[in-house]
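A.B. asks: Listed below are the residues making up each chain.
Protein chains: 2
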Amino acid sequence: MTERRRKFYAWGFEDQSATPEEIRLVESTWAEQFGIDRFDVIDPPKLDEIELQPPRIRNIPTSLAPLCRQDKYERALHSYGRSFLDGARMFKRDFAHAPDVVAYPRNEADLVALLDWCDEIRAAVIPFGGGSSVVGGVNPEIKGDYTGVVTIDMWYLNEILEVDRESRSARVQAGIYGPDLERKLKEHGLTLRFFPQSFEMSTLGGWIATRAAGHFASGATYIDDYVESIRMLTPAGPWESRRLPASGAGPSPDRFVMGTEGSTGIITESWIRLLERPRYKVGATVTFPDFHSGVAAVRAISQSGLDPTNCRLVDALEAQLTKSYDGGKPILVLGFESPRYPVDSEQQLALEICRDHGGEVLDQSEGSGANNTVSGLWRNAFIRGPYYREHMIARGICRETFETAVPWSGFRQLHETVIDTVSRAIVRVTGRPGTVTCRFTHIYPNGPAPYFTFHCLPDRDRMYEQCLEIKHAAADAVDSCGGTITHHHAVGRLHMPWYQRQRPDLFGLAFAASKRTVDTNGIMNPGVIVPEKP
Amino acid sequence: MTERRRKFYAWGFEDQSATPEEIRLVESTWAEQFGIDRFDVIDPPKLDEIELQPPRIRNIPTSLAPLCRQDKYERALHSYGRSFLDGARMFKRDFAHAPDVVAYPRNEADLVALLDWCDEIRAAVIPFGGGSSVVGGVNPEIKGDYTGVVTIDMWYLNEILEVDRESRSARVQAGIYGPDLERKLKEHGLTLRFFPQSFEMSTLGGWIATRAAGHFASGATYIDDYVESIRMLTPAGPWESRRLPASGAGPSPDRFVMGTEGSTGIITESWIRLLERPRYKVGATVTFPDFHSGVAAVRAISQSGLDPTNCRLVDALEAQLTKSYDGGKPILVLGFESPRYPVDSEQQLALEICRDHGGEVLDQSEGSGANNTVSGLWRNAFIRGPYYREHMIARGICRETFETAVPWSGFRQLHETVIDTVSRAIVRVTGRPGTVTCRFTHIYPNGPAPYFTFHCLPDRDRMYEQCLEIKHAAADAVDSCGGTITHHHAVGRLHMPWYQRQRPDLFGLAFAASKRTVDTNGIMNPGVIVPEKP
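In order, the protein sequences belong to chains A and B.
Quick note on the numbering used here: the first sequence kicks off at 1 and runs consecutively.
Quick note on the numbering used here: the second sequence kicks off at 535 and runs consecutively.
Hints listed in this document are in silico derivations from the structure and should not be mistaken for laboratory results.
Take the hints with a grain of salt, since some may be wrong.
Once the Cα atoms are required to be at most 25 Å apart in a straight line, the calculated DMTMM-like pairs of lysine to aspartate or glutamate come out as [as the list claims (entries may be wrong)]:
id, chain 1, residue 1, chain 2, residue 2
1, A, Lys-281, A, Asp-344
2, B, Lys-815, A, Asp-344
3, A, Lys-7, A, Glu-32
4, A, Lys-281, B, Asp-628
5, B, Lys-606, B, Asp-571
6, A, Lys-281, B, Asp-878
7, A, Lys-329, A, Asp-224
8, B, Lys-815, A, Glu-352
9, A, Lys-533, A, Asp-43
FRET-style restraints, in silico, Cβ to Cβ [as the list claims (entries may be wrong)]:
id, chain 1, residue 1, chain 2, residue 2, range
10, B, Asp-890, A, Arg-277, 19 to 27 Å
11, B, Asp-1039, A, Arg-277, 37 to 45 Å
12, A, Arg-277, B, Ile-570, 54 to 62 Å
13, A, Ala-109, B, Asp-1039, 15 to 23 Å
14, A, Thr-417, B, Gly-678, 24 to 32 Å
15, A, Arg-432, B, Ser-879, 50 to 58 Å
16, A, Gly-189, B, Ser-879, 21 to 29 Å
17, B, Lys-1067, A, Arg-93, 29 to 37 Å
18, A, Glu-120, B, Thr-951, 57 to 65 Å
19, A, Gly-189, B, Pro-876, 46 to 54 Å
20, A, Arg-355, B, Arg-699, 18 to 26 Å
21, A, Arg-412, B, Pro-713, 48 to 56 Å
22, A, Arg-277, B, Ser-879, 18 to 26 Å
C-beta atoms are modelled at their ideal positions from N, C-alpha and C, and glycine is treated no differently.
Same shape as in the complex, but just chain A (with noise of 0.2 Å):
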């Protein structure tokens, strides 16, 4: 039904994939670091290869038949999100939870009426944008008694609607995949500046339904901020609200759908404030004696209200390993941009922060970069990063990635905990060392947003299960340090249990009497948010 398609068991499209060299690289640095001389190397499932269950739901109305599919690619395309966790199921061609209907409405009648008959028929909805979850939030798991699922696909509804040049702003349909959003505003000279790692494989509606973080390291982070109005088709009907540049009219319905993770509805289209593409952008690296250096150089720049555009710490190890810097000592991907007027003079007061905690300036540059400088290639390594995770697993690497945001005073024992407890879980579960680190992906005056990542090598038939025993382990450490459970990668199925301890109980009382109102039978991605009843 798409003309590009999508690879059905791993990111990108079927005409992209990491080059020979990327893969040789990511072998020679895997083999070093677990001190082996080679991987075995599993092929990616064929479609002929997997048995899916047969479809529950048969009868479908002839009228939404052309809408639907039933097919295996589809099914398959559908069960999965894109973390490690799922390409290592899929991996095994464990694809025992396909959706037993892929539906692919081409406008909001269609839409409607999918609505309408799952309610009906008591089938669970995940809505499905660009499929890029990494927190289980599209996976057809579900437990409570439902007909069977429908996966809906946004694919279609991709355009942009109207234009306000003179409000900066656009209303564009929910299931616009990045790169398309960003083709069809530049006709128009405008920008939404919105560049999550998930960008090529991920679309606005997304972004707003799991509250994605973007480009910006400071400031306005998160698609919230750039939300004018939201557009929703709930079970019980449409939910939309006013376009404004602000209201203090009672509690926000944006932030009402914001976060919500389709679990009370789609979002259909946005109003979307764009900002005008920047003409003017500094860039530089700094390295730090240590980690702890850095850490306090950061903060001074969150604290000094120059806002840069990237402000990206990276330890040591996580600068060594993704072949940006080799000098055993952590830098900080620094740069500035602004449509208007030159910022050499806040990249220079960035600098002087950095130079009074004891930082060394590796390169400046100007525009976007050179790839030679040392953010350059931490950058590339950062946009290529999803392409190697299919051939990681293909050679039995586990990698896998949480991240958090704590006040500046809870995260020195944040690091420590995470960094012990998880490089501790990688023995125990797996019987030999791996590697943790982190970098920070955002910051704030009163804290930081952390980024973890980890790797080992697991058990080959038991990756799934031991991956997952060092995420619970870590996510544990996490909500231990007082740390959220995500700043950006959402709940999904995955981190239910963290984030019911988190939230306030009455909140979630109150928000699971929110959903009922506008999705009487609970249809709306079941256990994502609200839990499924036990």
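Chain A is already provided as a structure; the job is to place chain B on it using the hints.
C.D. replies: Chain B in isolation, oriented as in the chain A frame:
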């Protein structure tokens, strides 16, 4: 009970007042404006002129009796907020809706006991911070079937409980007044720099409950952005969010509290993000050939990324009536500040934008700005304004305000419609012309927050009714042009009909369901945000 007594019938404390010079200036301005020789002056109400209904609640439990007051001063003080509409009724000696009990909890245990008691006897509870509401948010005008009204005044919950210097945050009790908060933060070299016009007579909890907007004209304008976590007591128990710099874990629980205006519980404390005191400040006043040239300049500034601290465009008539500038042209009060680095270049860039739109710089200043600049005169009129109100009411002058926000593309039509509608409503209702003026209080890249003020001379006996009729015409005009019913004055009881039109219908149902989970008996500020049952 309160050492320094608040005026029961007007803005401020009993030891504060407008000066005789200020009163003379008000008189001469408006005598000239309305073309009359002199004003008949009505004396402010005295307690012994007022008759209150006997309290409906009589049997206060012994354990709570020390917290509760039923004397005339306390009941009168808590009968109204501080709008013109409130004042008009107070000067008419109309205190028909006095609360039955005014309770002063000393701590959270007191508050729990009070809420339990109110829930048990089904008394309506009105949370009371500084009582500065201009939208009937604290007025005990409740139609439903309650045994009475208990107003809970948070006066004694006014401590800073904890300061986290490293994370630049503090845990503060909700009943603290603005000046007290800043005085106590100053001891730590910190500031919230949150200065709504109500600053002197409003509280942290009130700001959060009503989503107040403060000092900063652009960027982080709302208190929302300074809230790290909230603790609220509801009839069902405490609701407390985890203290975090940012989180993407589900919809924000704090955003479910901010803007609820006491309809779900009483905020008792909050972790707030603080700022350093500004070290660099610059200001300027610019005038423009006409209002819409100024609008165009401000729009360009709002989209430049410069983020001025002050950017208040004041139309020619408002500049003249506030005695700020008599040149028959609009003024722009512009300012930048920073704790860390000079902001002159930002100011110069903004002034360049102004000149591109025909702006002429009237004055520039460093530091806080001398009082003899046009901006200084305007600021003084702004701060002193609330103190004039009682003297205007005494003279039969109606002065009311309303405010909104709208995309830039909708502003011109909204502005024309509102000025025209309200001007004509004044003539129709009062039989003679008044004034309607406009300024911008806050600006966003996608639209301004215009603030309108009208003055007229209603019938002395029907001041409340006539002013209300004009307000309704204004609200209809704002609503019909797509503006929000309020940018920062909140909803209260006054704005409910337009709020219900503005918000998504399903959101209204969803929020009402949320409320029921924490306030089963519907005792919390009935009729605000969630309509009373018909």
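A.B. asks: Of the hints given before, which are not true for this structure?
C.D. replies: The structure breaks hints 3, 4, 5, 7, 9, 14, 17, 18, 19, 21; every other hint is satisfied.
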